[in-house]
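Construct the complete structure from the given sequences, taking the supplied hints into account.
Sequence order for the protein chains is B and X.
Counting from 1 along the first sequence, just add 32 to a position and that's the residue number in the numbering used here.
Counting from 1 along the second sequence, just add 32 to a position and that's the residue number in the numbering used here.
Note that the list lumps identical chains together, so a pair holds whenever it fits in one copy or between two copies.
In silico DSS-like pairs for lysine-lysine, Cα to Cα no more than 27 angstroms straight-line: (1) 259 with 172; (2) 376 with 413; (3) 168 with 257; (4) 323 with 408.
Keep in mind that the hints were calculated from the coordinates and are not lab data.
Small disclaimer: the values here were computed from a predicted structure and weren't measured.
There are 2 protein chains.
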Amino acid sequence: MKPSLLPAISPPRRILMGPGPSDISPRVYAALSAPTVGHLDPYYLKVMDGMQEMLRQVFQTKNELTLAVSGTGSSGMEACVVNLIEPGDRMLVCVNGVFGMRMADVATRAGAEVTTIEKEFGEIFSPEEIAEAVEKCNPKVVGIVHAETSTGALQPLEEISKIVHDAGSLILVDCVTSLGGIPVKVDEWNLDAVYSGTQKCLSCPPGLAPVTFSPQAVQVMDERKSKVASWYLDMSMVRQYWGGSRAYHDTAPINMNYALYEALRLVLEEGLENRFQRHMKNHLALKAGLKELGIEYSVPEGQQLPMLNSVFIPDGIDDAQIRKQLLNDYGIEIGGGLGPVKGKTWRIGLMGVSSEHSNVIQLLTALGQCLNQAGKNVDVKAAIAVAHAVRSNG
Amino acid sequence: MKPSLLPAISPPRRILMGPGPSDISPRVYAALSAPTVGHLDPYYLKVMDGMQEMLRQVFQTKNELTLAVSGTGSSGMEACVVNLIEPGDRMLVCVNGVFGMRMADVATRAGAEVTTIEKEFGEIFSPEEIAEAVEKCNPKVVGIVHAETSTGALQPLEEISKIVHDAGSLILVDCVTSLGGIPVKVDEWNLDAVYSGTQKCLSCPPGLAPVTFSPQAVQVMDERKSKVASWYLDMSMVRQYWGGSRAYHDTAPINMNYALYEALRLVLEEGLENRFQRHMKNHLALKAGLKELGIEYSVPEGQQLPMLNSVFIPDGIDDAQIRKQLLNDYGIEIGGGLGPVKGKTWRIGLMGVSSEHSNVIQLLTALGQCLNQAGKNVDVKAAIAVAHAVRSNG
Numbered sequence: 033m034k035p036s037l038l039p040a041i042s043p044p045r046r047i048l049m050g051p052g053p054s055d056i057s058p059r060v061y062a063a064l065s066a067p068t069v070g071h072l073d074p075y076y077l078k079v080m081d082g083m084q085e086m087l088r089q090v091f092q093t094k095n096e097l098t099l100a101v102s103g104t105g106s107s108g109m110e111a112c113v114v115n116l117i118e119p120g121d122r123m124l125v126c127v128n129g130v131f132g133m134r135m136a137d138v139a140t141r142a143g144a145e146v147t148t149i150e151k152e153f154g155e156i157f158s159p160e161e162i163a164e165a166v167e168k169c170n171p172k173v174v175g176i177v178h179a180e181t182s183t184g185a186l187q188p189l190e191e192i193s194k195i196v197h198d199a200g201s202l203i204l205v206d207c208v209t210s211l212g213g214i215p216v217k218v219d220e221w222n223l224d225a226v227y228s229g230t231q232k233c234l235s236c237p238p239g240l241a242p243v244t245f246s247p248q249a250v251q252v253m254d255e256r257k258s259k260v261a262s263w264y265l266d267m268s269m270v271r272q273y274w275g276g277s278r279a280y281h282d283t284a285p286i287n288m289n290y291a292l293y294e295a296l297r298l299v300l301e302e303g304l305e306n307r308f309q310r311h312m313k314n315h316l317a318l319k320a321g322l323k324e325l326g327i328e329y330s331v332p333e334g335q336q337l338p339m340l341n342s343v344f345i346p347d348g349i350d351d352a353q354i355r356k357q358l359l360n361d362y363g364i365e366i367g368g369g370l371g372p373v374k375g376k377t378w379r380i381g382l383m384g385v386s387s388e389h390s391n392v393i394q395l396l397t398a399l400g401q402c403l404n405q406a407g408k409n410v411d412v413k414a415a416i417a418v419a420h421a422v423r424s425n426g
Numbered sequence: 033m034k035p036s037l038l039p040a041i042s043p044p045r046r047i048l049m050g051p052g053p054s055d056i057s058p059r060v061y062a063a064l065s066a067p068t069v070g071h072l073d074p075y076y077l078k079v080m081d082g083m084q085e086m087l088r089q090v091f092q093t094k095n096e097l098t099l100a101v102s103g104t105g106s107s108g109m110e111a112c113v114v115n116l117i118e119p120g121d122r123m124l125v126c127v128n129g130v131f132g133m134r135m136a137d138v139a140t141r142a143g144a145e146v147t148t149i150e151k152e153f154g155e156i157f158s159p160e161e162i163a164e165a166v167e168k169c170n171p172k173v174v175g176i177v178h179a180e181t182s183t184g185a186l187q188p189l190e191e192i193s194k195i196v197h198d199a200g201s202l203i204l205v206d207c208v209t210s211l212g213g214i215p216v217k218v219d220e221w222n223l224d225a226v227y228s229g230t231q232k233c234l235s236c237p238p239g240l241a242p243v244t245f246s247p248q249a250v251q252v253m254d255e256r257k258s259k260v261a262s263w264y265l266d267m268s269m270v271r272q273y274w275g276g277s278r279a280y281h282d283t284a285p286i287n288m289n290y291a292l293y294e295a296l297r298l299v300l301e302e303g304l305e306n307r308f309q310r311h312m313k314n315h316l317a318l319k320a321g322l323k324e325l326g327i328e329y330s331v332p333e334g335q336q337l338p339m340l341n342s343v344f345i346p347d348g349i350d351d352a353q354i355r356k357q358l359l360n361d362y363g364i365e366i367g368g369g370l371g372p373v374k375g376k377t378w379r380i381g382l383m384g385v386s387s388e389h390s391n392v393i394q395l396l397t398a399l400g401q402c403l404n405q406a407g408k409n410v411d412v413k414a415a416i417a418v419a420h421a422v423r424s425n426g
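Okay, here's the thing in structure tokens:
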């Protein structure tokens with residue numbers, strides 16, 4: 033007797049407007065399921081070269097050591113930390129959300145002497161605060177989050193990077209949510225180690241972590257006295273496979289790399305500036321509509337991420353119930369708050385393919401109707417009208 | 033001006049008969065490109081449950097902690113090692129190929145006091161040799177490779193596992209190449225930590241590492257005094273996401289998990305015993321045909337892996353040239369030797385979907401023709417005839 037089989041994969045239709053994954057282009061799905069070839073096949077090596085070339089364009093860098101780590105975004109965080117940090121090294125981590133906390137944890141496990149500076153969730157760091165902390169602890173590496181996925185706050189980097197380098201330190205940056213949605217200018221801002229994920233504004237399924245390292249960061253890695261604690265993430269070996277010698281490291285996730293390759297083609301086909309403008313425009317339309325629904329952003333104006341709209345849940349509204357209703361009745365996924373803001377905020381993503389005017393309208397409609405069912409009295413028509421108006425005037 | 037775009041993904045047609053990846057079923061490709069949903073979507077949580085259930089069947093275990101690590105097979109190795117080992121713990125690693133060497137490296141990086149016992153590439157360990165080594169170094173963990181992908185040698189485990197447990201140690205086993213192609217009886221053999229890959233006999237694209245941990249292994253993890261060095265691979269957190277609380281860890285590779293789910297359905301639909309027999313039958317047909325071509329196995333009879341046929345390259349034949357010819361003229365990928373047997377052996381995979389009689393015949397035909405072009409005088413027709421005969425008589 034054969035064992036009774038589980039049902040085949042048949043996912044429900046969703047509109048992905050949470051903190052990632054975002055919706056995926058049919059072209060990316062097609063690439064994902066293109067025939068697998070070997071990880072040393074001449075064709076695949078060309079795909080890797082092309083991916084590196086395109087990742088450099090998206091990261092706005094000439095860094096040679098630019099590739100996709102074979103794991104999700106958090107493996108990119110770990111790869112950046114463990115390759116730069118040796119046991120006993122000092123690292124300053126700026127914590128204003130869950131991903132800053134995570135970075136401090138990763139660095140501690142890597143044996144760093146970690147100093148954290150902390151801000152309330154949703155706030156950002158001023159250059160002065162960074163300068164003071166860097167002066168106090170004289171770190172080898174300063175870790176900071178560009179776009180805090182847990183709070184929706186945007187951390188400007190340019191001035192901070194200058195401060196960090198003037199102190200002789202390296203800057204390590206989390207661009208998981210920002211890459212492909214707002215400018216990430218690795219060379220112009222002089223960032224040393226940057227990681228991202230595929231499932232946010234690049235609109236590729238989760239599973240790879242684009243990373244890039246400056247020549248200074250590579251030099252620090254080359255001068256290590258100890259082996260990197262993680263064999264899997266050791267860039268001294270991984271880069272041999274991506275770079276000249278093609279020495280086998282592990283069997284790369286071929287099909288995921290096909291998908292990212294195609295996702296990057298889509299980004300460059302649209303053009304970075306056009307893509308950033310699209311993200312901003314849909315953010316502004318959503319914001320106008322949400323305001324009409326009586327919903328306020330949890331991050332101050334000017335520090336809001338266009339691709340991740342973190343808003344306060346209105347008084348008397350049950351977080352889980354509304355999100356369940358959006359999912360079950362409208363097929364729309366939005367995210368809840370993480371950490372201390374759990375149950376207090378929603379996170380509405382407009383990332384990559386999901387950043388579409390029609391999604392803005394559908395979300396406003398659905399959320400407005402859910403709020404009215406829950407006893408609020410909001411004007412859904414008005415919300416839609418202002419969102420349309422922002423699009424027309426934008 | 034838009035940057036000029038690179039060409040779209042369009043892989044050449046290959047028959048994957050190397051050491052993995054293997055060929056993929058259209059059903060797995062379809063699952064791979066099914067619509068992405070969120071990593072906390074109720075639908076996806078059901079997929080995870082189903083996958084755990086099926087992985088347990090394939091691993092032949094009741095182990096609760098059975099899941100797919102979000103990385104390639106080597107990340108599974110690292111996950112097993114870093115979760116069981118704390119700095120200063122003694123680990124015995126049995127090295128008779130590249131993957132034993134790798135395990136020793138991973139364990140050293142994890143802070144283990146590593147003792148290795150070594151055999152020539154292609155040889156296996158006797159229970160007596162393990163008993164002696166375990167008695168000498170009294171390790172917390174013994175690491176060993178079930179199916180050495182670099183050499184094609186099969187290491188019996190049952191007796192060794194008993195010896196290891198009698199000494200109060202845990203056994204950690206690499207089943208990357210064996211799982212789904214020959215029996216891996218985790219419970220019956222009492223294995224404590226086992227990892228595999230998806231791209232071998234499971235015939236799913238590379239990118240995930242199935243792992244399973246015995247209750248004893250889980251207890252050791254629960255009693256750790258230090259945090260696991262890798263945040264990304266820390267099972268104390270990963271299992272919360274796969275298990276009861278569903279606490280967010282990182283954004284899972286949704287689509288890769290869809291693909292593995294479908295690949296596991298295919299394994300169970302065929303039935304484990306049928307699948308093992310298929311692998312054995314095609315191995316025997318290939319072996320008979322290769323013998324007719326004058327090609328000898330590099331591993332003694334009785335210790336050969338059916339899914340990975342490691343053979344000596346005939347005298348006077350150029351490794352790279354023949355493999356290039358097979359790939360370019362016949363679309364067939366086979367593997368070269370790794371480590372000390374580089375240039376001396378070929379590795380011919382008959383894994384999962386690739387384990388087909390038609391592939392055996394195509395490979396014999398292609399290889400025979402290449403050898404004749406290179407000046408040998410082999411009888412291709414005879415090789416095909418004996419392969420057919422083995423199938424008919426099997």
